[in-house]
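Student: The lines below spell out each chain.
There are 2 protein chains.
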Amino acid sequence: MSQPIKFKITKELNNTLGRVGVISTPHGEIETPAFVTVGTKATVKALTPEQVKSTGAQVVLSNTYHLYLQPGADLVAKAGGLHQFMQWSGPIMTDSGGFQVFSLGEAFGKGGVSKVAKKTEPVNFDNFISEDPYTDQNLPDSVSQLAKIDNDGVTFRSHLDGSEHRLTPESSMAIQHKLGADIIFAFDECTSPQASYEYQQEALTRTHAWAKRSLDTHLINNEAANKQGLFGIVQGGRHQDLRERSAKIISSMDFAGFGIGGSFNKDDLGTAVGWVNAILPKNKPRHLLGIGEPEDFFDGVENGADTFDCVIPTRFARTGTFLTHHGRLHILNQQYREDFRPIENDCRCYTCQKYTRAYLAYLFHAKEMLGATLGSIHNIYFLVNLVARIRQSILDDYFNEFKRAFLTDYNH
Amino acid sequence: MSQPIKFKITKELNNTLGRVGVISTPHGEIETPAFVTVGTKATVKALTPEQVKSTGAQVVLSNTYHLYLQPGADLVAKAGGLHQFMQWSGPIMTDSGGFQVFSLGEAFGKGGVSKVAKKTEPVNFDNFISEDPYTDQNLPDSVSQLAKIDNDGVTFRSHLDGSEHRLTPESSMAIQHKLGADIIFAFDECTSPQASYEYQQEALTRTHAWAKRSLDTHLINNEAANKQGLFGIVQGGRHQDLRERSAKIISSMDFAGFGIGGSFNKDDLGTAVGWVNAILPKNKPRHLLGIGEPEDFFDGVENGADTFDCVIPTRFARTGTFLTHHGRLHILNQQYREDFRPIENDCRCYTCQKYTRAYLAYLFHAKEMLGATLGSIHNIYFLVNLVARIRQSILDDYFNEFKRAFLTDYNH
Numbered sequence: 055m056s057q058p059i060k061f062k063i064t065k066e067l068n069n070t071l072g073r074v075g076v077i078s079t080p081h082g083e084i085e086t087p088a089f090v091t092v093g094t095k096a097t098v099k100a101l102t103p104e105q106v107k108s109t110g111a112q113v114v115l116s117n118t119y120h121l122y123l124q125p126g127a128d129l130v131a132k133a134g135g136l137h138q139f140m141q142w143s144g145p146i147m148t149d150s151g152g153f154q155v156f157s158l159g160e161a162f163g164k165g166g167v168s169k170v171a172k173k174t175e176p177v178n179f180d181n182f183i184s185e186d187p188y189t190d191q192n193l194p195d196s197v198s199q200l201a202k203i204d205n206d207g208v209t210f211r212s213h214l215d216g217s218e219h220r221l222t223p224e225s226s227m228a229i230q231h232k233l234g235a236d237i238i239f240a241f242d243e244c245t246s247p248q249a250s251y252e253y254q255q256e257a258l259t260r261t262h263a264w265a266k267r268s269l270d271t272h273l274i275n276n277e278a279a280n281k282q283g284l285f286g287i288v289q290g291g292r293h294q295d296l297r298e299r300s301a302k303i304i305s306s307m308d309f310a311g312f313g314i315g316g317s318f319n320k321d322d323l324g325t326a327v328g329w330v331n332a333i334l335p336k337n338k339p340r341h342l343l344g345i346g347e348p349e350d351f352f353d354g355v356e357n358g359a360d361t362f363d364c365v366i367p368t369r370f371a372r373t374g375t376f377l378t379h380h381g382r383l384h385i386l387n388q389q390y391r392e393d394f395r396p397i398e399n400d401c402r403c404y405t406c407q408k409y410t411r412a413y414l415a416y417l418f419h420a421k422e423m424l425g426a427t428l429g430s431i432h433n434i435y436f437l438v439n440l441v442a443r444i445r446q447s448i449l450d451d452y453f454n455e456f457k458r459a460f461l462t463d464y465n466h
Numbered sequence: 055m056s057q058p059i060k061f062k063i064t065k066e067l068n069n070t071l072g073r074v075g076v077i078s079t080p081h082g083e084i085e086t087p088a089f090v091t092v093g094t095k096a097t098v099k100a101l102t103p104e105q106v107k108s109t110g111a112q113v114v115l116s117n118t119y120h121l122y123l124q125p126g127a128d129l130v131a132k133a134g135g136l137h138q139f140m141q142w143s144g145p146i147m148t149d150s151g152g153f154q155v156f157s158l159g160e161a162f163g164k165g166g167v168s169k170v171a172k173k174t175e176p177v178n179f180d181n182f183i184s185e186d187p188y189t190d191q192n193l194p195d196s197v198s199q200l201a202k203i204d205n206d207g208v209t210f211r212s213h214l215d216g217s218e219h220r221l222t223p224e225s226s227m228a229i230q231h232k233l234g235a236d237i238i239f240a241f242d243e244c245t246s247p248q249a250s251y252e253y254q255q256e257a258l259t260r261t262h263a264w265a266k267r268s269l270d271t272h273l274i275n276n277e278a279a280n281k282q283g284l285f286g287i288v289q290g291g292r293h294q295d296l297r298e299r300s301a302k303i304i305s306s307m308d309f310a311g312f313g314i315g316g317s318f319n320k321d322d323l324g325t326a327v328g329w330v331n332a333i334l335p336k337n338k339p340r341h342l343l344g345i346g347e348p349e350d351f352f353d354g355v356e357n358g359a360d361t362f363d364c365v366i367p368t369r370f371a372r373t374g375t376f377l378t379h380h381g382r383l384h385i386l387n388q389q390y391r392e393d394f395r396p397i398e399n400d401c402r403c404y405t406c407q408k409y410t411r412a413y414l415a416y417l418f419h420a421k422e423m424l425g426a427t428l429g430s431i432h433n434i435y436f437l438v439n440l441v442a443r444i445r446q447s448i449l450d451d452y453f454n455e456f457k458r459a460f461l462t463d464y465n466h
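Order-wise, the sequence lines are chains A and B. First residue of the first sequence: 55, per the working numbering; consecutive thereafter. First residue of the second sequence: 55, per the working numbering; consecutive thereafter.
Incorrect hints may appear among the rest.
Remember, identical chains collapse to one label, so a pair may be satisfied in a single copy or spanning two.
[To be verified] Pairs of lysine-lysine residues, derived as DSSO-like cross-links and limited to a Cα-Cα distance of at most 30 angstroms, are as follows:
hint, residue 1, residue 2
1, Lys408, Lys421
2, Lys320, Lys457
3, Lys107, Lys421
4, Lys107, Lys408
5, Lys232, Lys421
6, Lys202, Lys107
7, Lys60, Lys338
8, Lys60, Lys107
9, Lys408, Lys281
10, Lys421, Lys62
What the hints contain is simulated information worked out from the structure, not anything from laboratory work.
Next up, chain A with everything else stripped away, as it sits in the complex (with noise of 0.2 angstroms):
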């Protein structure tokens, strides 16, 4: 088997886990760190794959437990795999679905009920329920809210239709090799915050099982092995000894790189992520699922993180927020309607290269789609360059001032 994921670091951020580098993937390479573009079912919401491209945007990822249920496996296979289905021609990364199975209600465990919380955790946990104001993605009151979890897998309802699936370790394998992403993810327990510890003891036990599981049917496939890499992910909560028991074991086993899942304290997010850094071996590549704000990145990339995922970009620009080096700006705040500044004055992104502040507010309250175009192709800009700069930052020696005069701005 010829490894499909290489990963060769360039430089290094002086007293830090922080690096820079370049991964190879079957569809190109990612220049890390990055910013990883969410195109939750198959497509970035609102905008085409060129539009995409425009942004700087290298990597996309798309999650499995959607495309599971619609329009299934076999049919993107079918398709050509996810690259040919959707038209990205670059690297693609599949979640392993575990998440949105625990987001969709309440995860019983053997050792109590622990709720998964879903809307009082701000970092996470909420990634998939869509705030779309063009689209009709909240949950029906009518789908009972339950995933059962067993140490096999986990039987839950479909939030479309209220049917029961199930998942494991070994579909969700085989979920994602249909799908063909160029990276997927072994398929885990990702725990509430408001879970005890006895409970996230217990389920991180069970996801280190589940990665063994992952591994072995991924690597059984001699087809799938030698095209998409497989990343193992570190849970743990807020919790030091789980996080660094997990980064152990999940690093003892033969992945192409590393996932760090779960939920975080928002004050101190680098430091459980430099926990497991300092442990995770340093020659692969660790994406840091759904995270995060602007600020998070310098936490996360100082702290030895190389990718990033968040749907926040494209949510916040289909309900008019948009991500400025000011903080956010609410478009449809009435100080916008007569306002013919672009929304920021030295962005380069396609939006503030043509469009006002005024021609924007008036889409959102014309409830025209164009709106959500343009400012998603803005908000993911703003990240994808944010990160990039941060790269460059590392490159040329000047990390901690950018990121003082970075957060100095954003926060003021």
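Model the placement of chain B on the given structure of chain A, informed by the hints.
Tutor: Below, chain B alone, put in the same frame as chain A:
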């Protein structure tokens, strides 16, 4: 005053009123016959201007009624006019607002109540009712559906908030001057196809008086008259004598071109257009308002129409109906779920070059906005390209053969 709109006939279609020509505007040329893409609310729904341009579209028509209500003509003027506001650098037309005002509900004339049918008239009269699944444009029940007409103008209620407004020939001109389109239209009364002959006569007299007032208002504004061309509108419904009377009277005024408005019998649209164009001066362009279906273009062109606008391509696209050489394709039909061909095999549009019916079907089933974008690109390309091919067939002397071949395929 220099005339901002020029028209040059390149070739005529033997033994008919048809012709090939070029309309010159301050924002570029329009090679005619041409399909005019509708961008009702200062955006072609779901598309960037570049995507619109990629279809071959030469010119966009926006609606005065909608822009007057939201965001208001003054705001558009402050933005530098419609071209700047929406970033469409090519020619733009605006209609007069009359059609939408009358479409809103019942028009009361002195001669009696004549209902303006909104849904019973397939060719016309449904221009502003969006069936867009992604937006919320259906009329709220609470809006009083009344438009009150007198010889001076029309009082009506906004479909957005029920507020009362008034349009007159003078205010329609003032609004269109602020919007700044290259080609603007005289304010006219658009009668219902169910209106009595007597009422239509009376309305026609009003339309002619309003045409004169529109023209006077336009010509007195030197700045506008130097960069915007005013088209007079011929009405007269389905009555030959009224159509001919209208054509004679409107011809006698110094308009830069003409619009042909109102309702037609689907079966002899060409005949009615021919009545009018046999009278209108040859050396000025003629726009057939709100038409049409693919088959209408052949009849329109043969009978001397130069340009056509219609919401069909984008409205159909948003509900998953695609235009093809073999008629309409409804992408939500079960049979397309696993159909890996493009919408049309030999179509050169962006969508058909890249995406399968299966992907498009999936996007519509999943309610993903990209479906509307890709479908709109195909449908606009289809109509723009169809009219461009009609043009070429006249230039190369095979119009009749092309018409026969196209209609044979299309109706089977």
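Student: Each hint needs a verdict: does it hold in this structure or not?
Tutor: Results of checking the hints against the structure:
Taking the shortest Cα distances, Lys408 and Lys421 sit within 30 angstroms of each other both inside one copy (20 angstroms) and across copies (28 angstroms). Taking CA atoms no more than 30 angstroms apart as the test, Lys320 paired with Lys457 passes inside one copy only; the shortest distance there is 17 angstroms, against 66 angstroms between copies. Proximity of Lys107 to Lys421 under the C-alpha cut-off of 30 angstroms is found in both arrangements, the shortest distances being 25 angstroms within a copy and 23 angstroms between copies. Taking CA atoms no more than 30 angstroms apart as the test, Lys107 paired with Lys408 passes in both settings, with 18 angstroms inside one copy and 15 angstroms between copies.
For a Cα distance limit of 30 angstroms, the shortest separation of Lys232 from Lys421 across copies, 23 angstroms, qualifies, whereas the shortest one inside one copy, 37 angstroms, does not. Neither within a single protomer nor between protomers do Lys202 and Lys107 lie at most 30 angstroms apart by alpha-carbon distance, with minima of 39 angstroms and 52 angstroms respectively. With identical chains, the CA atoms of Lys60 and Lys338 are at most 30 angstroms apart within one copy only, with a shortest distance of 8 angstroms there and 66 angstroms across copies. Taking the shortest Cα distances, Lys60 and Lys107 sit within 30 angstroms of each other inside one copy (22 angstroms), while across copies they are farther apart (41 angstroms).
Taking the shortest Cα distances, Lys408 and Lys281 sit within 30 angstroms of each other only across copies (23 angstroms), while inside one copy they are farther apart (40 angstroms). Taking identical chains as interchangeable, the C-alpha atoms of Lys421 and Lys62 are never at most 30 angstroms apart, the minima being 46 angstroms within one chain and 40 angstroms between chains.
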